[in-house]
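Top to bottom, those sequences are chains Z and V.
Under this note's numbering, the first residue of the first sequence is numbered 1, with each subsequent residue one higher.
Under this note's numbering, the first residue of the second sequence is numbered 1, with each subsequent residue one higher.
If you're looking for bench data, these hints aren't it; they were derived computationally from the structure.
It is possible that some hints are incorrect.
What the hints assert, rightly or not - 25 Å max Cα-Cα, derived BS3-like pairs, lysine-lysine:
(1) K106(Z) / K9(V)
(2) K52(Z) / K68(Z)
(3) K9(V) / K77(Z)
(4) K60(Z) / K77(Z)
(5) K68(Z) / K56(Z)
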Amino acid sequence: GNSVTQMEGPVTLSEEAFLTINCTYTATGYPSLFWYVQYPGEGLQLLLKATKADDKGSNKGFEATYRKETTSFHLEKGSVQVSDSAVYFCALWDSGGGADGLTFGKGTHLIIQP
Amino acid sequence: DSGVTQTPKHLITATGQRVTLRCSPRSGDLSVYWYQQSLDQGLQFLIQYYNGEERAKGNILERFSAQQFPDLHSELNLSSLELGDSALYFCASSVALDRVGETQYFGPGTRLLVL
Numbered sequence: 001g002n003s004v005t006q007m008e009g010p011v012t013l014s015e016e017a018f019l020t021i022n023c024t025y026t027a028t029g030y031p032s033l034f035w036y037v038q039y040p041g042e043g044l045q046l047l048l049k050a051t052k053a054d055d056k057g058s059n060k061g062f063e064a065t066y067r068k069e070t071t072s073f074h075l076e077k078g079s080v081q082v083s084d085s086a087v088y089f090c091a092l093w094d095s096g097g098g099a100d101g102l103t104f105g106k107g108t109h110l111i112i113q114p
Numbered sequence: 001d002s003g004v005t006q007t008p009k010h011l012i013t014a015t016g017q018r019v020t021l022r023c024s025p026r027s028g029d030l031s032v033y034w035y036q037q038s039l040d041q042g043l044q045f046l047i048q049y050y051n052g053e054e055r056a057k058g059n060i061l062e063r064f065s066a067q068q069f070p071d072l073h074s075e076l077n078l079s080s081l082e083l084g085d086s087a088l089y090f091c092a093s094s095v096a097l098d099r100v101g102e103t104q105y106f107g108p109g110t111r112l113l114v115l
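The task is simple: from the sequences and hints, build the whole structure.
See the structure below:
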């Protein structure tokens, strides 16, 4: 079956620090990869996505590159802000996996201190 | 605001009871998905409907069922509730079915507490 593994945290950084949140996956077919963000008390919002190998998704200063050879989709940001504090979920969609929902990692709680 | 609405926002009930959660997808979206978020299991896909028909099942218990109505809103029915059913239930919607890279838009969730 499909699965997503990501560091759970909490990850605590100072403002303007460099961020990396690791995400690796296993999939039956050729998945699409996503990062969603959940701010306190809210639903999930799509942050970025990539649909094929070597694609780079980017949004709001965040980036992630689809690496098929290492089955990874690590999230990076060069300079984090306090407003980036949230829970980040790596997810995949793979129609070959037997269900058409997203498979999520357990989420990484990110705390940015001023 | 994703355009997906869910009601109610909070629900408190007792073990053994039955509840119904409601979701209205974004205008134009035909697919509706239900997810459960709990501390121990994380975010899990429950079930998907497309244009009124059940399309895919994930880790949905037999005590749970869902349907999608002609106006495309969906309801998730949870019965014989147990303490372990306490969780945040999300609805998501997307335009199409089985399209590579299709974005799912999530509602704000319904927080269920079973006492």
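Status of the hints after comparison with the structure:
Proximity of K106(Z) to K9(V) is assessed by CA-CA distance (about 23 Å); at most 25 Å being required, the pair is judged to hold. Taking the CA atoms of K52(Z) and K68(Z), the gap is near 8 Å; set against the 25 Å cutoff, the hint holds. The straight-line distance between the Cα atoms of K9(V) and K77(Z) is roughly 33 Å, outside the 25 Å bound, and the hint therefore fails. Simply put, K60(Z) and K77(Z) have alpha-carbon atoms about 9 Å apart, close enough for the 25 Å limit, and the pair holds.
A distance of roughly 12 Å separates the Cα atoms of K68(Z) and K56(Z); the hinted pair therefore holds under the 25 Å criterion.
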